[in-house]
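Undergrad: One letter stands for each residue in the lines below.
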Amino acid sequence: MNKVFVLIFLCISMLILAVLDVFSGSVSIPLSEFRLWLSGGEISDVFNFIVVQSRIPKALTAILCGAALSLAGLLMQTLFRNPLAGPYLLGISSGAGLGVAILVMGAGVIGVSLATGYAVNVASIVGALVMMLILLAVSFKLKDVMTLLIFGVMMGSIATAIIGLIQFFTSDFQLKSFIIWTLGSLSAVSFGELLILFIALLGSAGYALYHYKGLNAVLISEDFAKMLGIKVLHVRISIVIITGLLAGLTTSFCGPIGFVGIIIPHLSRLLLKSNDHLILIPVCLLLGANVLLLSDILAHIPSNGTSLPINSITSIIGVPIILWILFGKKNLSQSF
Amino acid sequence: MDPFWKEKSKSIILSSTILHIENVSVTYSKRVNILSNVNLSMNSNDIIALIGENGAGKSTLLKSICGLINTSSGDFKIFDKNLKEWDRASLAQKMAYVSSNENVRSIIPVERFIGFGRYPYTGWMVSETKEDAACIEGALRLCKIEYLKEKTMAELSDGERQKVYLARAIAQNADLIILDEPTTHLDVKSSNSMFKLIQSQKESGRAVLFSSHQIEKAMSIADKVWVVDCGRVIETTPKAFYKNEHLKRLIFGE
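So the sequence lines, in the order shown, correspond to chains V and X. Read in order, the letters of the first sequence correspond to residues 13 to 348 in the numbering used here. Read in order, the letters of the second sequence correspond to residues 12 to 265 in the numbering used here.
In case anyone wonders, no lab produced these hints; they're calculated from the structure. Please note: incorrect hints may appear among the correct ones.
What the hints assert, rightly or not - To give an idea of the interface, some chain X residues facing chain V are shown, with a C-beta separation under 10 Å as derived from the structure:
id: 1; residue: K74
id: 2; residue: D98
id: 3; residue: A100
id: 4; residue: S101
id: 5; residue: A103
id: 6; residue: Q104
id: 7; residue: Y108
id: 8; residue: V109
id: 9; residue: N112
id: 10; residue: V115
id: 11; residue: I118
id: 12; residue: P120
id: 13; residue: G128
id: 14; residue: Y130
id: 15; residue: P131
Cβ coordinates follow ideal geometry from the N, Cα and C atoms, glycine included.
Whenever a hint applies, use it, and build me the whole structure from the sequences.
TA: This is the structure:
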C-alpha cells in the first residue's frame, strides 16, 4: 500500500507542479482567460502565444525530459552496478554534445547548414551511443566504482576539449547558437519533437518494465543473473540502446541537463526503501518529472522577463545531493 | 513438512544419475592446469562435500559445472542432457547455484530477494502466482528465517545472509543445489545450523554439492566426498577418507 501511495502522491504533485509551471513566468495570466480557453471560447493572441505555444510545451518538455533522464540514469546505475553512474557525470551528455558540435559547426565549415531539426537529434543520439559503448567496453576491464567514474569524467573532458577545438575554428554565428544550446533550455521544443520524445520514452520505459526481472538480477551480479536463466547480454545491449536513445534525445532537444539522471534513482530508492525495478522504474519516471518541473519553476524566480539556464538550477540542486550520497554511505559499491 | 515439498520428494523414487562429469579439464592462460581429466558422477539425493586446499580448484569445478567458466575439454551431462544444450531458463529449474562471493547488501526486501529464485518459472512481467508465493513461504520456513521477511538484505548479519541465499536456491525448487563455501565467515552456531539445513535437503529429495573448509562437519553430513588435489578430483566416502593417510595428510597437513 505504501508503494501505491507514493505513486499516487507523485502523480498528484506532478499535476500541481505542471499547473504552477504554466502559471509562473514574467507575464501573469488571468484565470478568466484559462476558463475561456478550456470552454473552447475565443482567446487572445497573447494568451495563445504565451500559454499554448510556449508554456504548455515547456511544462510537457520538463515532464518528459525529467522522466527520460531519470530512467537513463537508473538503467546506467544498474548496468554498471555503480551508484554514481548517470548520463551527465559519465560523459554521455558530453558525447551527445560532441555529436551536435561536429554537426552544427562542422557542417558550417563545409558551407552547408545541417544544424536544423532531426539531423541534430540523430547526431546527438549517435554521440551518446558511441560514448555509452566506449564506457560499456571499458566497464568489463575496470570493475571498480571509482575508476570507471574517473574514466567517464575523463571521456567527458575529452569530448568537451574537442568541442572547444571545433569552436575555435567556427564562425561567430554558429558559435553563439551552439553556446546557447549548451546552457540547456526547456523551451524551443516543438510539439513534433515532444511526440518523438514521448514515443521513445514510452517504448523504453515499457521495455525496461517488461524486463524488470532481468534488471533486478543483473544488479546483483552477472553470474547470478545467468544462473536464473536471464539473457545477460540481451539485457546489457538493450540498456545501452535505451540510455543512448533517451540521453541523446533529451540532450539534443534541451541541451545537457546535469545531475537529474544520477540523483533521481537515489531519491527513489530512498523513498521506497527498495531496489526492485518493478516499482523503482515508475517512481523514477514520476519523480524525475517532478524535479525538472520544480527546477523550471525555480528558473523563473528572477521574473524580469528572462529565466535562468535550467542546467545551472539542476546542478545547484544536484551537487549537494551527490555529496550527501558520497559522505553518507560507508561502502558505496555494496550498499545501493 | 510443507505439502508442496512432499510432492516433490515423492516424484523421485529411484535414484538416478543427475550429474555426469566426463574428462573435464580447465586450463588457465593455456598453461596452468586447474583441473585435468576429471571424471565424476552424482546421483539424485546425494549430498557431496567438496574439499581441498585454497586455490586447489574447488570453485573452478563448481563454476564450470554451472557453465560460468569455459572448460578446455570434456563435457557435463546434467539430467542426461549436455550442459551446452540446456536452455538456461530450463536449466535454472533443475540446478541452483550460490556463489562464494555473493555479497548482496542492496536494499531489496528479503522476501523479494528469495522471490528471485522464482524467475525461471515466471515469464517476463508476470507477477508472483500462488505457487511462487507458496515456494517462497516454504523456503523461508524450511530455513527458519520467517522473522527476516520484512528486513532488507542490507540489514542482515553474515549468517542470516547465507541462509537467505540458501532459501533463494530452495525457492528455485531445483533438484541440484550447488553451494560454494556456504559456511565461510560464519560463527560456530550459524555454521552448525547451515550444515543441518544442507542435510535436511535430502528429505525434500534434493541433491546438494557444497564446498567447505570445515572438514569434520562436512564429513558428518556428506554421503560422498570429492577431494581436489593437484587438478585431480578423488571420490571417496567420509569413512574411507579417514582411513586414507594420503588424503588426510593432504587436507590436514603433517
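Undergrad: At a threshold of 10 Å, is the proposed contact between V115(X) and chain V supported by beta-carbon distances?
TA: Check passed: Cβ of V115(X) comes within 6 Å of chain V, closer than 10 Å.
Undergrad: Would you settle whether the hint for Y108(X) is holds or violated, based on the nearest Cβ-Cβ distance to chain V being less than 10 Å?
TA: holds, 5 Å
Undergrad: If you take the shortest Cβ to Cβ gap from P120(X) to chain V, is it below 10 Å?
TA: holds, 6 Å
Undergrad: Mind checking the CB of D98(X) against every CB in chain V and telling me if the closest is under 10 Å?
TA: D98(X) check passes; min Cβ-Cβ to chain V is 8 Å, inside 10 Å.
Undergrad: With 10 Å as the cut and Cβ atoms as the points, is N112(X) at the interface with chain V?
TA: holds, 8 Å
Undergrad: Should the interface hint for S101(X) be scored as holding, given a Cβ-Cβ cut-off of 10 Å against chain V?
TA: With a minimum Cβ separation of about 7 Å from chain V (threshold 10 Å), the hint on S101(X) holds.
Undergrad: Quick check on the hint: A103(X) CB to chain V CB, less than 10 Å?
TA: Holds. Min distance 4 Å.
Undergrad: Mind checking the CB of K74(X) against every CB in chain V and telling me if the closest is under 10 Å?
TA: holds, 8 Å
Undergrad: Go through the hint on G128(X) and say holds or violated, using the shortest Cβ distance to chain V against 10 Å.
TA: holds, 8 Å
Undergrad: Does V109(X) meet its interface restraint, that is, does its C-beta lie within less than 10 Å of any C-beta in chain V?
TA: Check passed: Cβ of V109(X) comes within 9 Å of chain V, closer than 10 Å.
Undergrad: Does the nearest C-beta of chain V fall within a distance shorter than 10 Å of the C-beta of Y130(X)?
TA: For Y130(X), the interface hint holds, since the closest Cβ of chain V sits about 5 Å away, which is under 10 Å.
Undergrad: Is the interface hint satisfied for Q104(X)? The criterion is a beta-carbon contact with chain V at less than 10 Å.
TA: holds, 8 Å
Going down the numbered hints, you'll see the structure goes against none, and every one checks out.
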